[in-house]
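There are 4 protein chains.
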Amino acid sequence: MTNYFRTPIQIRFNDIDGMGHVNNAIYHEYFDLARVEYFHRVLGEVVDRHENGLIIASVKVDFLAPVFLSDRISVVTRVVKLRNKSLEMVQQIVAENETEPRARNSSVMVCFDYKKNCPVEIPADWRKKFQDFEGLED
Amino acid sequence: MTNYFRTPIQIRFNDIDGMGHVNNAIYHEYFDLARVEYFHRVLGEVVDRHENGLIIASVKVDFLAPVFLSDRISVVTRVVKLRNKSLEMVQQIVAENETEPRARNSSVMVCFDYKKNCPVEIPADWRKKFQDFEGLED
Amino acid sequence: MTNYFRTPIQIRFNDIDGMGHVNNAIYHEYFDLARVEYFHRVLGEVVDRHENGLIIASVKVDFLAPVFLSDRISVVTRVVKLRNKSLEMVQQIVAENETEPRARNSSVMVCFDYKKNCPVEIPADWRKKFQDFEGLED
Amino acid sequence: MTNYFRTPIQIRFNDIDGMGHVNNAIYHEYFDLARVEYFHRVLGEVVDRHENGLIIASVKVDFLAPVFLSDRISVVTRVVKLRNKSLEMVQQIVAENETEPRARNSSVMVCFDYKKNCPVEIPADWRKKFQDFEGLED
Chain Z
848 MTNYFRTPIQ
858 IRFNDIDGMG
868 HVNNAIYHEY
878 FDLARVEYFH
888 RVLGEVVDRH
898 ENGLIIASVK
908 VDFLAPVFLS
918 DRISVVTRVV
928 KLRNKSLEMV
938 QQIVAENETE
948 PRARNSSVMV
958 CFDYKKNCPV
968 EIPADWRKKF
978 QDFEGLED
Chain X
848 MTNYFRTPIQ
858 IRFNDIDGMG
868 HVNNAIYHEY
878 FDLARVEYFH
888 RVLGEVVDRH
898 ENGLIIASVK
908 VDFLAPVFLS
918 DRISVVTRVV
928 KLRNKSLEMV
938 QQIVAENETE
948 PRARNSSVMV
958 CFDYKKNCPV
968 EIPADWRKKF
978 QDFEGLED
Chain A
848 MTNYFRTPIQ
858 IRFNDIDGMG
868 HVNNAIYHEY
878 FDLARVEYFH
888 RVLGEVVDRH
898 ENGLIIASVK
908 VDFLAPVFLS
918 DRISVVTRVV
928 KLRNKSLEMV
938 QQIVAENETE
948 PRARNSSVMV
958 CFDYKKNCPV
968 EIPADWRKKF
978 QDFEGLED
Chain Y
848 MTNYFRTPIQ
858 IRFNDIDGMG
868 HVNNAIYHEY
878 FDLARVEYFH
888 RVLGEVVDRH
898 ENGLIIASVK
908 VDFLAPVFLS
918 DRISVVTRVV
928 KLRNKSLEMV
938 QQIVAENETE
948 PRARNSSVMV
958 CFDYKKNCPV
968 EIPADWRKKF
978 QDFEGLED
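Chains as they are written, first to last, in this note's numbering: chain Z, 848 to 985; chain X, 848 to 985; chain A, 848 to 985; chain Y, 848 to 985.
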C-alpha cells in the first residue's frame, strides 16, 4: 500500500443513539463521506450522477469497538482491487493513537453509466489513477 | 379549521439521541415528511423541483415535552394563512390520547419558480385547493 | 420458515440523497428499526442496555435496486441461525407486489452482558422464543 | 460582542436531499453540534444529562440561501442574553469568504435539573463564564 487516505470525521451530537455511542447506521455516513472525498482526491473530479459513476453494490462492516462522542476518529480509505466493471474498497474507522480499528468495511463498487442505466467498464483514465494512487499492478 | 391532516410517524431507533429521547433535529424530519404528505394530499401532486415548488423560508419550533421510542405520535399539519407568494403552516407533534402537543411548529413557505430562481405568486389552482381544504377565506 | 416478520417502512423526504433515491446509509436505519420491532415481538420485551442485549457485530448488505420516495417498502426480518452466544439474522427490503428484494442484509448479533461488558450465552428463554417463532431446530 | 465562536462543519454526502442541497432538517444537526462545542469551550465541561443541563426550549431558523455539498461552511455561535433560568443563543451558518449568512438561528435554552426534572436557575459559575466569554453585562 502506497497511500493511506485519511478523512477525519466530525462526530455530531445526534450520531449518538440511546445506547450512548455512535449508532451503527451512522458509520455508513462516515464511510460514505470518506468515499466521496477519496474519489474526489484520486480521480480529481466529483463523481456525480450525470455521467459515469461508482455505485455501491455491497458492503460488509465489522463493528469491533464502540465509538463515543468524545472520540477523535478518522476513516482510512483504500481501493484494494480493480476488476473490469467494479472495484473493491476497504475502509477502517480508527481512533487517534490506536492501531486496532473500531470498525472495518469492505465494499464493492460498480462503475455505472447513468444514461444507459447499466454497469460499464471502469474508464481507462480512472483505472490508471487508482493504480497510481494505490500502487496496484495492472 | 375544517380538516385535521394527521400523519402517523414511525419513530426509528436512531432517532433517539444520547439524552434518551428523540433528538430535536429529528423533529424537523417528522415535520418535513408530514409536509410532503400534506401537499401531496391537498395539491394532488408531488411538489418537486422541476417547476414551481414550495420552499421553507423560516421555521419556529417550541419543544414542549420529550418524545420517547415507545411513544405513538402523529404530526398534525395545517395551512393557516395564504399570502401572495407565501403561506403559513402550523404543525404539531401529538401523542396518542393526549391533547397537549409535544412540539409546535410554525413555518413560512415561499412559492418558488425553479426555472426563474425567484419567488412567484401561489398558482390560482393551488390557492383554491388550500382554501377548500382548510376552509380559508379568499 | 414459519414466520415472515414484516415491518412497513415510512420513508422520509430526507432519506433521499442527491442521487434521487434512498441513501445507502439510510437502509441501515430501516434494518435497525425492523430489528428492534422483531425483538420486541419475539422476545416480548424491549431489548435495552441495562441488562442483556443483542448487539450488532457485523453486517453485510447487497444493494440490488434503488428505492425511491414514492415506493412502498417493508423490511422482512428473520433469525436463521442460533449459536451459543450469537445469532444470524437475515433481512430484506421488499417493495409492494414485488418478489425480488431491493436489498438483502445478513447480520451477526452477539448476546452481550452490559454489566460484565462481555458476550454471554443467549438466555434459554430467548433461545426457546426464537426457535418457536422461526421453527428452528434445537 | 467579544468573541466569535466558530465551528467548521463537515458536510456529509447524505446531508444533501433530493433537492440537491443540504436538507433543512440537517441544519439543526449543525446547530446542535456547534452548540455542544460552544458549551464545552465556554463552560469547560461537557453538559450531560446526569446533572444540570441546558435543554432547548424553542428554536427559530431563517433559511436565507441553500448550502451545497461543495460549500465550506461554519456555524458561528453566541449567547446574547442571560435570563434567570434560561439563555438566548444566536447561531449563523456562514460560508467561507461570505458576509451574509446562509441561515440564522435564534434559540432559547433552559437550565434544567435532571434529578428534580424541572427548570432551575443558571448556576452562578456558568453565568459568570458566559458573561466573561461574551462580554455581557450582569
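Since the hints were made in silico from the structure, they are not lab data.
Among the hints, erroneous ones may be present.
If chains are identical, the list can't say which one is meant, so a pair holds when it fits in one copy or spans any two.
[Unchecked claim] No farther apart than 25 Å at their CA atoms in a straight line, the calculated lysine-lysine pairs in the PhoX-like style are these:
#1 Lys907 x Lys928
#2 Lys907 x Lys932
#3 Lys962 x Lys907
#4 Lys963 x Lys907
Here's how the hints hold up against the structure:
Taking CA atoms no more than 25 Å apart as the test, Lys907 paired with Lys928 passes in both settings, with 16 Å inside one copy and 19 Å between copies. Taking the closest pair of Cα atoms, Lys907 and Lys932 come within 25 Å of each other both inside a single copy (19 Å) and across two copies (21 Å). In this assembly of identical chains, the alpha carbons of Lys962 and Lys907 never lie at most 25 Å apart, being 28 Å within a copy and 29 Å across copies at closest. Proximity of Lys963 to Lys907 under the C-alpha cut-off of 25 Å is found in neither arrangement, the shortest distances being 28 Å within a copy and 28 Å between copies.
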